[in-house]
Each structure stands twice: as structure tokens, then as C-alpha cells.
Amino acid sequence: MTSGNTVSAKIFRYDPAADKAPRYETLEVPLEKEMRVLDVLDYAVENAGVAVGYRWFCGVKRCGMCGVSVNGKPVLACWEKATPSMVIDPLPNMPVVRDLVVDRSALEQATLEMEPCLKRKEPYESFPEPLTHRDFEDAYRLMTCIECYVCTAACPVLSDANHREFAGPASLVQLAKVALHPKDAGERVAAALKGDIYACISCYECSNVCPVGINVLEDAIEKLKRRCAAQSESNPGAKHARIFTDLIRKFGRIHPPTLMRQSKGLMQSVSKMSMALAMYRKGKVQVRPQTVQGIEEVRKLFKAVEKDQ
Amino acid sequence: MKFAYYPGCSAKTTCPELDQSMKAVAKKLDLDLAELEVATCTGSRQIRDSNEELFLTLNARTLALAERLERDVMTVCATCLLNLTEVNATLKQNAELRRKINANLAAVGLEFRGTREVTHFLWVLLRDIGAEALAKKVARPLRGLRVAPFYGCHILRPKDVLGFDDPDSPTSLDTLIRVLGADPVAYDGKKRCCGFHVLMTKEDLALKISGRRLSQARDEAADCLVTTCPLCHSSLDPYQSAVEKTLGRKIRLPVIHLPQLVGLGLGLAPRELKLEGNAVSTAPVLEKMALQA
Numbered sequence: 000m001t002s003g004n005t006v007s008a009k010i011f012r013y014d015p016a017a018d019k020a021p022r023y024e025t026l027e028v029p030l031e032k033e034m035r036v037l038d039v040l041d042y043a044v045e046n047a048g049v050a051v052g053y054r055w056f057c058g059v060k061r062c063g064m065c066g067v068s069v070n071g072k073p074v075l076a077c078w079e080k081a082t083p084s085m086v087i088d089p090l091p092n093m094p095v096v097r098d099l100v101v102d103r104s105a106l107e108q109a110t111l112e113m114e115p116c117l118k119r120k121e122p123y124e125s126f127p128e129p130l131t132h133r134d135f136e137d138a139y140r141l142m143t144c145i146e147c148y149v150c151t152a153a154c155p156v157l158s159d160a161n162h163r164e165f166a167g168p169a170s171l172v173q174l175a176k177v178a179l180h181p182k183d184a185g186e187r188v189a190a191a192l193k194g195d196i197y198a199c200i201s202c203y204e205c206s207n208v209c210p211v212g213i214n215v216l217e218d219a220i221e222k223l224k225r226r227c228a229a230q231s232e233s234n235p236g237a238k239h240a241r242i243f244t245d246l247i248r249k250f251g252r253i254h255p256p257t258l259m260r261q262s263k264g265l266m267q268s269v270s271k272m273s274m275a276l277a278m279y280r281k282g283k284v285q286v287r288p289q290t291v292q293g294i295e296e297v298r299k300l301f302k303a304v305e306k307d308q
Numbered sequence: 000m001k002f003a004y005y006p007g008c009s010a011k012t013t014c015p016e017l018d019q020s021m022k023a024v025a026k027k028l029d030l031d032l033a034e035l036e037v038a039t040c041t042g043s044r045q046i047r048d049s050n051e052e053l054f055l056t057l058n059a060r061t062l063a064l065a066e067r068l069e070r071d072v073m074t075v076c077a078t079c080l081l082n083l084t085e086v087n088a089t090l091k092q093n094a095e096l097r098r099k100i101n102a103n104l105a106a107v108g109l110e111f112r113g114t115r116e117v118t119h120f121l122w123v124l125l126r127d128i129g130a131e132a133l134a135k136k137v138a139r140p141l142r143g144l145r146v147a148p149f150y151g152c153h154i155l156r157p158k159d160v161l162g163f164d165d166p167d168s169p170t171s172l173d174t175l176i177r178v179l180g181a182d183p184v185a186y187d188g189k190k191r192c193c194g195f196h197v198l199m200t201k202e203d204l205a206l207k208i209s210g211r212r213l214s215q216a217r218d219e220a221a222d223c224l225v226t227t228c229p230l231c232h233s234s235l236d237p238y239q240s241a242v243e244k245t246l247g248r249k250i251r252l253p254v255i256h257l258p259q260l261v262g263l264g265l266g267l268a269p270r271e272l273k274l275e276g277n278a279v280s281t282a283p284v285l286e287k288m289a290l291q292a
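Protein chains in written order, with numbering that gives the first Met the number 0: chain A, 0 to 308; chain B, 0 to 292.
Mixed in with the good hints there might be a few duds.
As the list claims (entries may be wrong) - Straight-line distance between alpha carbons at most 27 angstroms, and here's what the computed DSS-like set of lysine-lysine pairs gives:
| hint | chain 1 | residue 1 | chain 2 | residue 2 |
| --- | --- | --- | --- | --- |
| 1 | A | LYS302 | B | LYS91 |
| 2 | B | LYS244 | A | LYS271 |
| 3 | A | LYS306 | A | LYS249 |
| 4 | A | LYS222 | B | LYS91 |
| 5 | A | LYS299 | B | LYS11 |
| 6 | A | LYS238 | A | LYS271 |
| 7 | B | LYS158 | A | LYS222 |
| 8 | B | LYS27 | B | LYS11 |
| 9 | B | LYS158 | A | LYS80 |
| 10 | A | LYS263 | A | LYS281 |
| 11 | A | LYS32 | A | LYS72 |
None of these hints come from the bench; they were simulated from the model.
Let's have the full structure, built from the sequences with the hints guiding it.
The following block contains the structure:
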């Protein structure tokens, strides 16, 4: 049933073996009720003679294969509503095989290197394991991940900064899924640091695009970072978090010059001298830390928290 | 309109111009702000990334202080907005956790009851004051000024926690810019990250991220960029000279705090808004408005 309206779809076309450069092919598709992006692509091939390459299997948000970028946002083609004007690109942050088909093998390799399988402390006893829902809560939340890599496609650390040392959010979800399992005893902090977890900039782009609604940053990455902060002596990101916390204990608020000196070390801080001086002239640097009023209260709270830990 | 004002660490240290302009604009808008002077840092990303109970306890204290004043919290920092909003929601929903955190707060004679809300100055402008009422107060429309909105991650995402604007196509700051008589610049970077949270630990990475935003805004012929968060402001303003070195390109884009821009529209003098306090000179903006610094 058509509504009389059309979808104008501008589709990315590129065959690296034959084409010098990518191009776009625009076509008009009759807009149908409840039409999905996947339906638009099906129409292109079946009714419009446009031999665009794309990948899909289940069509119901289970297999995680049909990721594409629509108007700049990574989505699943099978779960995204078609809109009157769409630019459909392959997922960013991975090489193009042809048209909308991408090669995820490097990202999948990064996941494999994290050894995301349960490594038990003790041998498996028998079914059922004595686990409560609560024991299992954190890991369970991540078990709905369908490994579509849409979160990794949205990550600006990879796209804007091309920081390839970062394993990306999808691999970290797989790592967290086992790390948060109550029976796991694997070396998860080492794996997280190897995947350069502290390159995460806490922007929530991954959480924003997850098709199954996982808050990737808070439910996976942040929980791993907490373990790293507790267990890693030397990692600069872990150290920075501890230095930051100690400054709050001492002053109640941050004193940026002290934070910089302690976190970066004296030598690297000296390299920032000209900027610091310019900021000082603008009244942006207080040489001595200010302490918030009622700091005694704050310290009492630190004590109350640390007593439990 | 009464609020418990939570300025955040940056407005009290690296961005005094934010605190000063907020107070000047509050007077002009009849906002009665009671500053939470004894409140601590909300922990940025660092405390929540390392000690969840401490994160909850420190922010529960700030919220309890506002409850004691019987006022909602208004902040000018997006990261503080998210931290306080999340802790408020978490403790309201989870009675067991609330009991645990309140046991900590008992050490200082406070209790979190969950009776107040957390908001941002941008939301107060559009939701509490309202675009129409605000437009009537604009004494000096910023005609012809091309302003690049820079929303900041933690005022947009996660959507189910914040909920005020659409993270995929946000409009609130664009609307505000129009209310002030200026023209919002369209560019993808407006809803993206500034890189601040790795600035101390991975500066090269942070500068590449902020460099993308600044060069996009520059390419769209913006006269200035406006931020809702002093952390974004730090990445984009004092670090702009470092960004220029990374990019190998001059940017020289004035970066203005939200209350400074509002203050200009309301007719306040540049000095009252401490526009001389921004790292990149704001003189080109004032020249375009034919104003004396």
C-alpha cells in the first residue's frame, strides 16, 4: 500500500576492484507504510535494477549483519524507519568490500584477542549453578548484544581521530560481558588496557546508537574502567582518576594546575607553560588551590565511603 | 524563579568569566540564584570511573543541600548536569541504594530525599522562562552574527536520562541563538564531542577531536562558537592554539559561554560579561556588534 509519497534514497556505490572512486546513485522509491531502510534496499535491487551490494540475514534485529549509516547515523537497516530523504552509506570505521558491505574482520579480531569466553576460578560443578539474578545482573545486561558493531561505527575516537590502538566499544562490550560474570577469573584489566580503554572520551555516541538499547558507555566501558582504576598501578588513565579523586578529598574541588602537574608529570607540564602563562594573564589560573567551605564534611564522607570498601 | 546555583569547578577556576556572566545575566532575568558554595566537584568522569559509591555520595550531598534550600539545582556545566541528574534519578528509583548512601550522608547530618530536580541554564531559558518571554527581553538583537552552536555530549546523551533535546538533531541551542537575533550555523560537529575528558591523559587524541569541530565551524564562516559547558570551552578556547598547531591551520574562532551570549543580547556591557577573559580574543564579535570592549 503506497501513501503516494516517495523516498529519495542516495545510495553509496563503490567497487574497489573496478571503480576509481565512490559515487552515489539516487533513486525514488514509493514510500510504503512501516517501510524500513532494508525494504528500500530490497526495492532498489528487485524493482529498480540497481545492483547495490548490502548484507542482511534475519531482518528482525537478531543477526547484527545489516548495519549501514543513514544520514550520518549508524543504524540497522532492518530496524530503521525509512524517511523521505536518506543518504545511505556503509558503516564508517571499517573498509568497504563493495557498496554497503563492509569488512569487519579487523574489529572482530580485536574482540577475539580479548578472549571473551568465561574463564572460571573453579571447575564447573553442576547445573544449576547457585547464582542469583543479582549476581548476574551486570553481565546479563550485556548478553543482549547482537555484535552488530554499530557502536564501533559511531565512535569518534576511531573516525575523527583515527586512533586505531583503541579496540572500540563493541569489543569492550564483549570483554565486559565476561569480566562482569560472577564466575569469571580472566585477566580482564590487562585486556582492557591492551585495548586502550582510556582512549574512550565518554561521549555516549555508542550508547546513543545501540539498536538493542545497551548503555554501552555506562554498562560496559565505565564498569571496566572502574576495575582498571582499582587494579592498574601505572596506566596514566587509571592514575589520573586516582589523582583526581585525591584532589577532591583534599580541596573539595579541582585545582587544574595541581592536577596537570601530578597527572602529566613536571616535564610534560613545563611544555604547557606558555599556555598556562597566557591563561594566567586572563585570570584563568589560581596559583594556590581554593578549598571549598565545609571541607571537613567532605572528608567525613570520604571516610564513610572508604570504611565500606 | 529560584534555583540553587551549582557553578562547578571550572566556573570557579579556569572559567571565571562563566561564573561572572551567569550572575550578571541572572540579575537581568530576575533569576534568584543561591550558590551552593559548600558543594564539591561532581567528579567529572574520573570519580564515577573509579569509585561508584563515592560518586553517588558526593552528588547526593549536593542534591541534599539543594533540598534543604527547597530549590531545584541549576548548573552551567553539561558534565555536572549529567552527573547530578543521573545520581538524582538513580537514588530516587533505588530504595536500597538510597538507604546505603543516606547512611554515609548521616555522618554529616544530611539526608537525600529525592524531592528536587536538576536543570541547566539553557533549559531554564527555554523551558522555564520560554522563548517568547525571553525574546521580549532582548534589548540588543545580535543581527548578522553567525553563531556556531556547540551542544556538548552530556547535555544531549544519554537521551533517556536527560530527555530535553534530540541527540540526533538537537534544536534547543539553535532556537536560543535565533531568539537572540543571531544566525545559528549548521554543521555536524555541533552535537559531537569536544575531547575534553582525555585532554590530560591523551592530549594528541583530544586535540584531533576538538580540531575537527573547530575547523568545521570555521569552514562554515562562523563568527564565534557558543558552548553550554566549560569543559567543552576549555578544549575549544584555551587549547585552541594547541589545536592550531595540530591542524597546521589558523582557526582564531572566539568561543563564548552561553550566559555571555545571552548577556550580549540582553544589552549588558562586554565588561560585565568578562568577555575580555576568554583566551581567544572576542574582539571580532564585539566589532561586528559595533561594541566597545
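Non-conforming hints, listed in increasing numerical order: none
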